[in-house]
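Hey, can you work out the whole structure from these sequences and the hints?
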Amino acid sequence: MIDADVVVVGSGNAALCAAIAAREAGADVLMLEKADEKLAGGNSKYTAGAMRFVYNDTRDLLPLLLDPDDPRLPDTDFGAYSADKFEQDLLGFNDGRPLSREQRALIDHSQDTLLWLAQHGIKFEPIYERQSFEKDGKHIFWGGLTLAARDEGVGLVEAELAAFLKMGGRIRYDSAMVDLITDGAAVCGVVVESPTGEQKEVRSNAVILGCGGFEANPRLRQKYIGDQWDMAKVRGTPHNTGEGIELALGLGAKQHGHFQGCHATPMDLHMKDYGNLEIPHLERKNYRKICYFLGVMVNANGQRFVDEGKDFRNYTYAQFGKAVLEQPGHFAWQIFDSKVDDLLYGEYRFHDAHFSESETLEGLIEQLDEIIDKAAVRRTLNEFNRAVDDGVPFDPTIKDGKGTKGLALSKSNWAQKIDTGPFKAYPVTGGITFTYGGLQVDDRGAVMRENDTPIDGLFACGELIGGVFFNGYPGGSGLTSGAVFGRRAGNGAGALAMT
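Take 265 as the starting number for the sequence shown in this note's numbering and just add one per residue.
Please keep in mind that the hints were generated in silico from the structure rather than gathered at the bench. Misleading hints may appear alongside valid ones.
[To be verified] Pairs of lysine-lysine, DSSO-like flavour, derived with a Cα cap of 27 angstroms:
#1 Lys669 with Lys638
#2 Lys399 with Lys638
#3 Lys681 with Lys663
#4 Lys669 with Lys681
#5 Lys349 with Lys681
#6 Lys302 with Lys402
#7 Lys638 with Lys402
#8 Lys399 with Lys574
None of the values given here were measured: they were computed from a predicted structure.
Shown next as structure tokens:
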């Protein structure tokens with residue numbers, strides 16, 4: 265007896281896009297979620313809700329906007345984000361690898377997938393607060409990232425879930441997948457377990473795995489990424505523990521992508537694990553600390569360890585969390601002066617933000633108890649200040665070339681002397697968001713075996729897909745990837761289930 269034409273495991277952005285697409289194909293779709301209703305939505309709920317996609321100008325954005333009559337629009341320069349630029353941005357994180365098939369699909373289907381979401385009532389708002397600066401009376405967007413869902417990741421998941429339920433979809437909470445059911449070589453359902461340990465079979469014509477990577481599993485983090493990764497704060501859900509990947513590999517699925525890589529963001533050193541689920545989502549995001557490009561970061565030895573101004577933070581934050589975690593004690597200090605205080609994002613003024621402050625730089629350094637060598641941090645800051653090129657104007661709307669001269673580790677852009685009190689220092693660590701290694705899928709979203717044949721009845725999307733990201737990623741492309749490959753898997757599973 266069939267319980268549903270298609271079973272979708274997980275309830276985040278990728279899983280929901282898969283479920284919507286499968287319903288479009290006419291399939292009866294049942295979504296199974298490990299968490300209870302309050303904590304459902306996977307990692308997507310913990311994101312800022314931004315989505316990166318190809319567009320030519322403002323006209324391409326208008327069909328996606330929740331409020332196309334926003335009075336700020338006439339005074340906004342969104343620029344453009346071409347397919348070539350998206351390709352260059354991804355290649356910048358590939359460590360010399362050519363563009364993968366998955367990356368090509370992400371680029372080619374980014375815009376039409378956003379339009380598809382908009383047709384289902386899932387629309388977006390310009391990210392004025394985080395992605396633009398005012399210049400000459402206009403809002404200038406930077407970094408190729410322009411739109412996010414209202415209420416960020418929570419709003420995105422809620423809008424997608426509402427669309428799915430409106431289409432007649434079904435969802436069951438407190439239903440953790442513990443096994444895949446097979447009939448010969450084909451997958452024909454899943455075994456789920458309730459919080460009380462009761463197990464039940466759920467039969468279907470196709471199964472879509474959209475239940476995330478292994479970032480919340482310390483054993484798998486250590487196995488694939490490295491020993492120090494048991495110290496990482498888990499920024500998102502505690503439920504992404506890798507069962508989908510491990511069960512598929514147990515059926516002979518092909519391991520694919522960069523298992524040693526992950527998205528890791530600088531986070532408040534004193535945040536609780538799993539993004540602090542006790543507080544509202546809109547506050548959880550404030551544990552991120554990604555304005556390092558406006559100041560400097562020093563480790564416990566008082567040394568800088570990254571080029572804070574290497575690029576727009578959209579292109580560095582997923583790498584710099586890893587860099588922080590690799591420092592002595594797995595932490596660093598972000599140091600700013602008052603010249604940039606009004607440019608720091610709201611996360612730095614959040615009521616629970618941890619920081620030290622002093623009217624003098626010497627007074628600030630004395631407060632940094634975790635610094636082993638305070639003389640070293642004095643030297644680092646003095647050398648940095650002497651190296652700043654005062655002949656180039658500071659401009660946060662562009663890569664301004666205002667760098668340092670003569671340092672072994674330069675700051676390439678937005679370098680200003682740290683010389684105007686009051687001074688502030690924020691302690692940060694690395695917070696893991698999602699993992700990069702996963703499964704290989706074909707153009708239908710079907711999971712592939714080691715011999716490059718599909719596992720009948722098994723599809724995958726979202727964080728379970730390998731080959732999309734390697735040594736980092738341009739911000740906002742994670743949710744877009746989930747939507748692109750979720751839609752693909754839903755189309756594939758829906759077509760199979762209805763034949």
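Going down the list of hints, with the structure as the test:
For the suggested pair lysine 669 and lysine 638, the alpha carbons sit about 24 angstroms apart, so the restraint of at most 27 angstroms is met. Distance restraint check for lysine 399 and lysine 638: the Cα-Cα separation of roughly 38 angstroms exceeds the 27 angstroms cut-off, and the hinted pair is therefore not satisfied. Taking the CA atoms of lysine 681 and lysine 663, the gap is near 17 angstroms; set against the 27 angstroms cutoff, the hint holds. Note on lysine 669 and lysine 681: the hinted pairing holds, with a Cα-Cα distance of about 13 angstroms set against a maximum of 27 angstroms.
At most 27 angstroms may separate the alpha-carbon atoms for a hinted pair to count; lysine 349 and lysine 681 exceed this at roughly 32 angstroms. Distance hint between lysine 302 and lysine 402 is unfulfilled; the C-alpha atoms sit about 40 angstroms from each other, more than 27 angstroms. Of the supplied pair hints, the one linking lysine 638 and lysine 402 is violated, its CA atoms being roughly 43 angstroms apart against a limit of 27 angstroms. For the hint pairing lysine 399 with lysine 574, the CA-to-CA distance comes to about 22 angstroms; that is within 27 angstroms, so the pair holds.
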